[in-house]
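Student: One-letter residues, chain by chain:
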Amino acid sequence: MIPLSWYLIVAALLFCIGGYGVFARRNAVAILMGVELMLNAVNINLVAFWRYSVLLNPNPNMPFFTITSGWAWAIFVLTVAAAEAAVGLALIISVYRRRNSVIAEELDLLKN
Amino acid sequence: MTGEQFVFLAVSGLTIVAGILVVTLRNLFHAALAMMLSFLGVAGIYITLGAGFLAAAQLLIYIGAISILIIFAIMLTRRMMQAQDTPFNSQAGAGLLTAVLSFILLVFVITRLWRNEIFDSPPEVPTAIMNQIVVQLGADFVSPDAYVIPFIVASMLLLAALIGAVYVAWPQVEDEA
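Residue numbers (the working numbering), protein chains in the order written: chain A, 9 to 120; chain B, 2 to 178.
Derived by calculation from the structure, the hints in this document are not laboratory data.
For clarity, every value in this text was computed on a predicted model and none was experimentally measured.
Quick reminder that beta carbons are idealized off the backbone N, C-alpha and C, glycines included.
Heads up, a few of these hints could be off.
[Said to hold, decoys possible] Some chain A residues well away from chain B (every beta-carbon gap over 10 Å; in silico):
no. : residue
1   : Arg105
2   : Leu115
3   : Asp116
4   : Leu118
[Stated by the list, open to error] Pairwise CB distance ranges, derived in the manner of DEER restraints:
no. : chain 1 : residue 1 : chain 2 : residue 2 : range
5   : A       : Met9      : B       : Leu61     : 23 to 33 Å
6   : B       : Gly53     : A       : Arg106    : 25 to 35 Å
7   : B       : Thr87     : A       : Leu99     : 52 to 62 Å
8   : B       : Ile119    : A       : Leu115    : 14 to 24 Å
9   : A       : Arg107    : B       : Val18     : 41 to 51 Å
10  : A       : Leu115    : B       : Phe73     : 52 to 62 Å
11  : B       : Ile119    : A       : Leu99     : 38 to 48 Å
12  : A       : Leu115    : B       : Ala95     : 17 to 27 Å
13  : B       : Asn28     : A       : Arg107    : 19 to 29 Å
14  : B       : Val108    : A       : Glu114    : 14 to 24 Å
Hey, can you work out the whole structure from these sequences and the hints?
Tutor: Structure representation (structure tokens):
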């Protein structure tokens, strides 16, 4: 039997790896890839909590807490991740066309 | 070690190793391929949790769509694909320290502060309920008692994101660069 904490630790590790990618990479596309890893870690957490609490008695005063809540949240996170990837990559392509660079440090148009 | 634990350790090991490759590989294209592998591991984790529908959605949306989109972006900005002097910026050390410290904090919270014996093993869910989840999910998404408003907001967000992406990436007639 797998305790819930194993899933949480894997998700925490994946989240921190993605965060390191966001902090440390120079290329804007690599930063977006780190963000995707972090969103995946969040989704692992949501689905794991759903699996371990699916049979806990739902509170009738909280209509959002049903047996499908974990899945619904995971799918909303998936939707937002898709929207974020589309807009982020469009921004990167637009910036590349104007500045001929996707290095995050060189994008200092707003500096000073 | 039971078979379940072995499968879990295998897929999560794949996820973590591929994730480390994503943030360390010098060649961005290889990093994107490692990211697809990491997403595959996450789909395996969903399967060990009994969420087969989400695993299929993960395969379709993350591996099939988002990864391909990112690979397109890498190829459109091709000059950056070549190995540079370094893939990391000047804050790489501080970033690594932050990541390691937050991981230690999270593990401390998970294993010490936040513990409950009801979460030590997953509850036995009757197969009838498990088979009902996808049907129930579809009904909940359009039910006024559940998720219809978030559902509509998500659809509007997707529409706005698509139109915005097309507008932002549209070639400018007068480029002031």
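Student: Determine for every hint whether it applies to the structure shown.
Tutor: Verification of the supplied hints:
no.	hint	in the structure
1	Arg105	7 Å, violated
2	Leu115	12 Å, holds
3	Asp116	13 Å, holds
4	Leu118	16 Å, holds
5	Met9(A) to Leu61(B): 23 to 33 Å	30 Å, holds
6	Gly53(B) to Arg106(A): 25 to 35 Å	44 Å, violated
7	Thr87(B) to Leu99(A): 52 to 62 Å	24 Å, violated
8	Ile119(B) to Leu115(A): 14 to 24 Å	49 Å, violated
9	Arg107(A) to Val18(B): 41 to 51 Å	35 Å, violated
10	Leu115(A) to Phe73(B): 52 to 62 Å	20 Å, violated
11	Ile119(B) to Leu99(A): 38 to 48 Å	45 Å, holds
12	Leu115(A) to Ala95(B): 17 to 27 Å	20 Å, holds
13	Asn28(B) to Arg107(A): 19 to 29 Å	22 Å, holds
14	Val108(B) to Glu114(A): 14 to 24 Å	36 Å, violated
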